[in-house]
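**Student:** If you want the building blocks of each chain, they are given just below.
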Amino acid sequence: MKTSDLISALAADAGTPPARPGPALAAGLVLSAAAAAAAFFLWLHPRPDVAQAAGTARFLFKFAETLLIAGAAGLAAVAIGRPGASSAAAIRAAFVAGGVLLVAVAAELVTTAPGQWLSRLVGHNALFCLVMTPALSAAPLAILLTALRRMAPASPARLGFAAGVLAGAIGATFYALHCPDDSPLFLAVWYVAAILGVGGAGAAIGTRVLRW
Amino acid sequence: MIERTNDWNELMQAAGGGDEAAYRRLLSELAGFLRAVLRRRAAGLGLAAAELEDVLQETLLAIHLKRGTWAPDQPVAPWVAAIARNKMVDALRRRGRRVTAPIEDFADTLAAPEPAEELSSREAARLLAVLSGRQRQVVEALTVEGEDVKAVAGRLNISEGAVRVALHRGLAALSAAYRSIRE
Chain S
1 MKTSDLISAL AADAGTPPAR PGPALAAGLV LSAAAAAAAF FLWLHPRPDV
51 AQAAGTARFL FKFAETLLIA GAAGLAAVAI GRPGASSAAA IRAAFVAGGV
101 LLVAVAAELV TTAPGQWLSR LVGHNALFCL VMTPALSAAP LAILLTALRR
151 MAPASPARLG FAAGVLAGAI GATFYALHCP DDSPLFLAVW YVAAILGVGG
201 AGAAIGTRVL RW
Chain W
1 MIERTNDWNE LMQAAGGGDE AAYRRLLSEL AGFLRAVLRR RAAGLGLAAA
51 ELEDVLQETL LAIHLKRGTW APDQPVAPWV AAIARNKMVD ALRRRGRRVT
101 APIEDFADTL AAPEPAEELS SREAARLLAV LSGRQRQVVE ALTVEGEDVK
151 AVAGRLNISE GAVRVALHRG LAALSAAYRS IRE
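Just so you know, the sequences run in chain order S and W. Residues 1 to 212, numbered by full-length UniProt numbering, are exactly what the first sequence covers, in order. Residues 1 to 183, numbered by full-length UniProt numbering, are exactly what the second sequence covers, in order.
If we strip away everything but chain S, and leave its shape as in the complex, we get (with noise of 0.2 Å):
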């Protein structure tokens, strides 16, 4: 095969519109959210105080964080799918949502006695934190995926763990309306252990269907 009748192939397919991932994967953001919701009001359901605990800075927090790690996420996923691409936004993220942590992590060992932290970190029930966390990601994760299949990686397992991260924050954002345990301790510990999981799945799977 000549390469310019490659070339005049290729031509003849511009009339075919460009697979964009930009709006594959906010449609696959808003059909994830969708599907953690529901999944949430099947197996679980918001903490009976929820409406008090809403007023409260830890409880909030939750979601802050959760947020932002989605949100650094999605920046890297968007980073390492798109070839060339500036990974500067995606890496700031990462440190934001990192920093804000240790800071609330530092602010609650000052404004706790020594003696709580402990309780604090063991929290209610940590094992259904790593389980259900995990379940809330699973249909995220499978639609993520699905739409970051339009992306080009250098890395599909990195791209992977970008999906992975992202739906287990999308995951725990809604186990955190459930979850009884607000201080940032527990969040440091079992949230992230159970998002970097997900990720680790992502990156897994990823390796297989990511791939182009």
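Be aware that a few hints might be false.
The calculated label-pair distances, taken between Cβ atoms and stated as ranges, are [said to hold, decoys possible]:
1) S:F63 with W:R179: 54 to 62 Å
2) W:A49 with S:S87: 33 to 41 Å
3) W:I181 with S:A204: 18 to 26 Å
4) W:R179 with S:P114: 52 to 60 Å
5) W:A71 with S:G99: 24 to 32 Å
6) S:T146 with W:E10: 30 to 38 Å
7) S:H45 with W:G133: 33 to 41 Å
8) W:A49 with S:G15: 30 to 38 Å
9) S:L42 with W:A36: 54 to 62 Å
10) S:L130 with W:D7: 20 to 28 Å
11) S:L42 with W:D148: 53 to 61 Å
12) S:A204 with W:E10: 35 to 43 Å
13) S:V96 with W:A49: 19 to 27 Å
14) S:A64 with W:D148: 51 to 59 Å
According to the in silico footprint, chain S covers these stretches of chain W (three or more CB under 8 Å from chain S) [to be verified]:
15) 37-47
16) 155-169
A partial selection of chain S residues facing chain W, derived with a Cβ cut-off under 10 Å [stated by the list, open to error]:
17) K2
18) A11
19) G84
20) S87
21) A89
22) I91
23) R92
24) A94
25) P180
Everything labelled a hint here was simulated from the structure, so no lab data went into it. Only a predicted model underlies this, so the values are computations on that prediction, with no experimental measurement involved. Idealized CB from N, CA, C, for every residue including glycine.
Following the hints, complete the assembly by docking chain W onto the known chain S.
**Tutor:** Using the frame of chain S, we list chain W on its own:
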């Protein structure tokens, strides 16, 4: 160089809107640019000229199928260079050599003049064998035999729209075939 980059961005925009002539011109210019990029990288890796043309063809196919990942605010050259780098790594891996090609090498080449040379290659032609009936007929007619859409439609007695659909699916299948020989 700056002027050429702006040109490519304009051609890319026009191509995205379905302008076939602009797209053909862009791909021809990119082929020359990429040949220089790949040749410089390949020198130390022992890739023969025909193999280089294989990588170039796979890269052009990837550029086509993944052109949605290009953003209008992004220069075209680094975008295509990143795709070429990926395809070169894939091609070398396929030959059992593990390499890590630093992107800087490609950036250096951006300003290099492009040689105009074209060798026919075997890999893509061989891969056409995996396509199914109609897709294979259409892709082969347009690439190997150099026919145009109208002629193919007339010869196969199908509509031009049907030719274009078969072409698009055939190109995607060809890309999948490259992927499968990598495993």
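**Student:** All hints are to be evaluated individually against the structure, with a verdict given for each.
**Tutor:** Consistency of the hints with the structure:
The hint said 54 to 62 Å for the Cβ distance between F63 of chain S and R179 of chain W, and at roughly 40 Å that hint is violated. A hinted range of 33 to 41 Å for the beta carbons of A49 of chain W and S87 of chain S is consistent with their spacing of about 35 Å. Judged by the Cβ atoms, the range 18 to 26 Å given for I181 of chain W and A204 of chain S holds: they are separated by roughly 23 Å. Taken as a hint, the range 52 to 60 Å holds for the pair R179 of chain W and P114 of chain S, whose Cβ atoms sit roughly 56 Å apart.
One distance hint, 24 to 32 Å for the beta-carbon pair A71 of chain W and G99 of chain S, holds here, with the actual separation near 28 Å. Between T146 of chain S and E10 of chain W, the C-beta spacing of about 33 Å keeps the proposed range 30 to 38 Å intact. Our hint of 33 to 41 Å for H45 of chain S and G133 of chain W is violated, since their Cβ atoms are close to 55 Å apart. Hint check: A49 of chain W to G15 of chain S, Cβ distance near 33 Å, so the stated range 30 to 38 Å holds.
Distance hint for L42 of chain S and A36 of chain W: a CB-CB separation of about 57 Å, consistent with the stated range 54 to 62 Å. Between L130 of chain S and D7 of chain W the C-beta distance comes to about 54 Å, which lies outside the given range of 20 to 28 Å. For L42 of chain S paired with D148 of chain W, a C-beta distance near 55 Å keeps the hint of 53 to 61 Å intact. Between A204 of chain S and E10 of chain W the C-beta distance comes to about 41 Å, which sits within the given range of 35 to 43 Å.
Between V96 of chain S and A49 of chain W the beta carbons are some 49 Å apart, a value that contradicts the proposed interval 19 to 27 Å. Judged by the Cβ atoms, the range 51 to 59 Å given for A64 of chain S and D148 of chain W holds: they are separated by roughly 58 Å. Restraint check on the region 37-47 of chain W versus chain S: 0 residues with Cβ-Cβ distances below 8 Å, three needed, restraint violated. Counting residues of the region 155-169 of chain W whose beta-carbon sits less than 8 Å from any beta-carbon of chain S gives 3, enough to reach three: the coverage restraint holds.
Look at K2 of chain S: its Cβ gets to within about 5 Å of chain W, closer than 10 Å, so that hint holds up. Proximity of A11 of chain S to chain W holds as hinted, the smallest CB-CB distance being about 4 Å (cut-off 10 Å). Hint status for G84 of chain S: holds, given a least beta-carbon distance of 4 Å to chain W, under 10 Å. A distance limit of 10 Å between C-beta atoms decides the matter here; for S87 of chain S the minimum to chain W is near 12 Å, and the interface restraint is violated.
Checking A89 of chain S against chain W: minimum C-beta separation of about 13 Å lies over 10 Å; hint violated. With a least beta-carbon distance of about 16 Å to chain W, the hint placing I91 of chain S at the interface is violated under the 10 Å criterion. Proximity of R92 of chain S to chain W is violated relative to the hint, the smallest CB-CB distance being about 18 Å (cut-off 10 Å). With a cut of 10 Å, the hint placing A94 of chain S at the interface with chain W is violated, because the nearest CB-to-CB distance is about 21 Å.
Given hint, P180 of chain S at the interface with chain W, is violated; its Cβ is 43 Å from that chain's nearest Cβ, farther than 10 Å.
This entry does not satisfy hints 1, 7, 10, 13, 15, 20, 21, 22, 23, 24, 25, going by the numbered hints stated previously.
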